[in-house]
Amino acid sequence: MTTLDNCLRRALAVLLVAGMSAPGYAQTSAINKEGVGQDRILLGTSNPLTGPVGPPCKPMSDGHLAWFQHVNDQGGVHGRKIENIVLDDAYKAPEALANGRQLAAKPVFAFFGGCGTLQPPVLMPIAKQNKMLYLFPSAGNPELMTTPFVYSLFPLYSDQNGAVTAATMKKYGPGKIFFVVADVPGVEDNIAAVKAATEQAQGSYVGDERVTQREPDYTPLALKIKALKPDYILILTTAAATARLINALVAQDAMPTKYLVGTLTMATPAFLNASASLVNDKALIALPTVPPGDPRAKACESVLKKYSPETPVDPFSLFGCAAAQVFAAALEDTPEPVTRESFQKTLLGWKEKQASELMPGITFNNPRHLGATEMVLARIVDGKSVAEETFPLPQ
Amino acid sequence: MRIATEARSGTAVATAATLAALAVIPFLPIGDRLHLILTIGVIYAIAAVGIDVFSGYCGQLTFGNFAFMAIGAYASAILAQDFGWPPWATILGSIGMAALVGLLLGAAAVRLPHLGTAMGTFFFATTVAVALRGATLAPLTQGPTGLPVQKVTIFGDDITPQQIYWLAWILLAVVTVVSYRYANSRAGMALRLIKRSEVVAESMGVHVISHKLYAFVWSAITAGLAGFVYAQALEYIIPEAFPGFESVILLTMAIIGGLGSIAGPIIGAVGFSIVGELTRSMGDVRQIAFALLLLANLVFIPGGMYSLIAWARGALRGNRARGDEAVRNQLSAPPAGPMFTHREPRPRDVSVAPVLQLRDVVVRFGGITAINSVSLDVARGTIHAVIGPNGAGKTTLLNCISGLQPHQGDIHFKADRIVGLTARTVRHRGLSRTFQNPSLVADLTVEENVCMGTYGSTPASPFLDVLPLRSTLRRDREAMRLAHAALDAVGFPADRRGLTASSLSLADQKIVDIARAIAGSPELLLLDEPTAGLAESEIEQIAAVLQKVNHEHGMTIVVIAHHIGFVRAVADYVTVLDFGTCIAEGLPEDVTRSKEVMDVFLGAEDD
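Keeping their order, the protein sequence lines are chains A and B. With numbering that gives the first Met the number 0 applied, the first sequence corresponds to residues 0 to 394, in that order. With numbering that gives the first Met the number 0 applied, the second sequence corresponds to residues 0 to 606, in that order.
Certain hints may be false.
To spell it out: a stretch of chain B is covered by chain A in this simulated footprint if at least three of its residues, at any positions, have a beta carbon under 8 Å from a beta carbon of chain A; those stretches are [stated by the list, open to error]:
{"id": "1", "region": "124 to 136"}
{"id": "2", "region": "223 to 236"}
{"id": "3", "region": "277 to 285"}
{"id": "4", "region": "426 to 437"}
Straight line, CA to CA, 27 Å or less: simulated DSSO-like cross-link-like pairs of lysine-lysine [claimed, not checked]:
{"id": "5", "chain 1": "B", "residue 1": "Lys150", "chain 2": "A", "residue 2": "Lys105"}
{"id": "6", "chain 1": "A", "residue 1": "Lys223", "chain 2": "A", "residue 2": "Lys257"}
{"id": "7", "chain 1": "A", "residue 1": "Lys80", "chain 2": "A", "residue 2": "Lys169"}
{"id": "8", "chain 1": "A", "residue 1": "Lys194", "chain 2": "A", "residue 2": "Lys225"}
{"id": "9", "chain 1": "B", "residue 1": "Lys150", "chain 2": "A", "residue 2": "Lys130"}
{"id": "10", "chain 1": "A", "residue 1": "Lys228", "chain 2": "A", "residue 2": "Lys257"}
{"id": "11", "chain 1": "B", "residue 1": "Lys150", "chain 2": "A", "residue 2": "Lys127"}
{"id": "12", "chain 1": "A", "residue 1": "Lys257", "chain 2": "A", "residue 2": "Lys304"}
{"id": "13", "chain 1": "A", "residue 1": "Lys281", "chain 2": "A", "residue 2": "Lys257"}
Simulated from the structure, these hints should not be mistaken for lab results. The beta carbon of each residue, even a glycine, is placed where N, CA and C say it ideally should be.
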């Protein structure tokens, strides 16, 4: 047999395996042009399962899949199973684009979830062209809040930071705050929101530092912060960068007199494993859901354990599970025939809807279609994040 | 650091076939997803072909060209959104901005030695990636939020994904044709000479910095063009779409495809994209598998995918490498004649001003005096040998004359002071040289190598070289005529002039090197150890060539040699150096038999 024959055989085998393993290969009933069939509804997700942001982002789609599997095993929603096609984009724009087009061509009912700021700019034009919905992306992209077919559960970082600043100063007293902010979309909005919240709480905004995700050394920043003696340090960057910053703050004896305040990334196992002992009882976190270990997270945790045992129970997988719960609840509330339009009507009709145990009540009927009205304030204690209270988000 | 892979001529058929294949594939039932992946591959190929000119043909590394794609994409989006340019017109902005930034960066980067260009472009890519997110450019780029891209229209409708493929294909075809012309033009030959040795190129009259800069700017332009189409494909651009590391991927695509072939980087870019797609389902293992695949490619197919095509073509034709033909020709060549045809040295005419005059030339390397107050006169029309043991300073002296070595003292050529002139200027003044190692461009033919000898004496422009202008074609024909005349002058057989230089023996390479040095009709020829490493019969061959060139063409020659028999055979006058000092000079017979010289050469070759 010639080398050429071998190559051809292998190429055909690869194509065959790839084709048969492609999502949707299994024989299933027909769906309409909006991705809805008699016994199933299709959702499409482009998510970085591999690549640099794969570790935090994959648990999010694992959370969707686990909850949908749980729902489907119980007969689906009104007899309709939820099929969530998750494609890896490795956090690369061309792959997200290819995923988006592939999913739109299926067609799927909506783009669902996704993690990171890369996908929304790529997927939104496709959703617009195909008159699709884009549901519950987890990204700090301001465009998401101004696009009518996008519905969010994850507040903009500027909203989160402004709100957590206000909540923290309300509970623990006004004080001097320093803001360490990564180069995320809407940096200026973030700074403005924190300044405004500080002013409103009669605190003092003593400065900020914009950092890249690959700062070589945080010592100069720690020394700068030390000189300012802030009561609070608000941090918005990746888990790894936050851990390195805290190491530098501790090493330079530059920790704030009251609290470090952060977002989702400070509740990840990666961060907690690295830095929990350094910030024990000294860090507050704004979370979109209750933290792992909270009694309200029990259902999702057990579902994750059953259907996706390799997935860590962390704020990302819980948020993914919560998003799936919200979708399932909305589908349940949507009268037949289920269309994108009727589904939107359901979402817009909700008011403080308790669609997920993990989240406070949800209301989408606002100009930004932001469902979350409150967030959870948690404290890091003994290596875990523990919910303290909820605080309101600006509407 | 330079890339040492082969740069190829005559890749037109493979290149055309590659483009033709890319024109056919979209008609196959490949599905929308693979169609898009193919589109992205073709877009990357536009930039990869530009890299090929700079890296494959010029031998320079660039780790920053994806940043030019970013610049092209952002320039297009910003000009349309903020300045109201029609979307089609922004293609000029993409090209122009990439060219401008490429010019500014390249003007500094291409001057940096060793890894300088690679490091400079790498930091540039990182800087662009950071700048796109940062506050400084945010009023234009919208920072991390990014920009929508206004789509170009075709007959009033927004361009479709299928049409974006054809737009990319057309631009790739244009870039490929221009790059092919560039690589195979005189400017391209200069790039290949630079790749071989910048010192040799400069000594042959090539403006090394300019040529490197032109090639770099061309690579930036192609990347800017790719950025324009990339933005059209993405529709909305954000900094995350242009990570700094992607520049390394872009270069990798060109390398695995096969640098120095034009077609190779196209194959690499498209293949890379498709393999990436086919391995997508492998999850985390994909990254490792992909890396191993690349490693295997680099280890087992160092010439890239294109080398497989070249191999397959050879196999189909049933031909062996051209080197075999060279061996056959050598075996059929007439046997060497009798050892050294001696002739009487011609007496020096002191009434005629020397063509070359050195006075008190001194070179110091730190505390070591390499050349110590050397003075010599070279009479017009003679062969003047400079001899001495290893370390005597002979090559350093030649470097002083040819403008490569700063020194003290005076050097006059044809009564003009040439101290402080660059090697290129010295060459333009009519002084040509060879190096101890022949420094031929291994992947060019004998006649193409010799053609390059004319570069120091005729003007050229890389921009015009690319165009098939009548004047350019006429100039190239004249260069080829001069090359054949030079090869005739050194007696190189006509039927072997189409062989690649790499297939020649060392002796033949040295003869071709001499032909290259005389092709531009210099008035003075400097030869650095043309007999080094040769057998006796080959030394005789070289001696015959020098005598022919000197006698029949009246060319003045300064030759460095160790071989006393060779010197006695060819030289009219001899200068002996030892430890940088001139210890004797005079007629060959007298000098080589003096006791002082014999002492110096004790242990060296003698006849």
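Could you work out which of the previously given hints the structure breaks and list their numbers from low to high? Going through the list in order, the structure violates hints 4, 7, 12 and respects the others.
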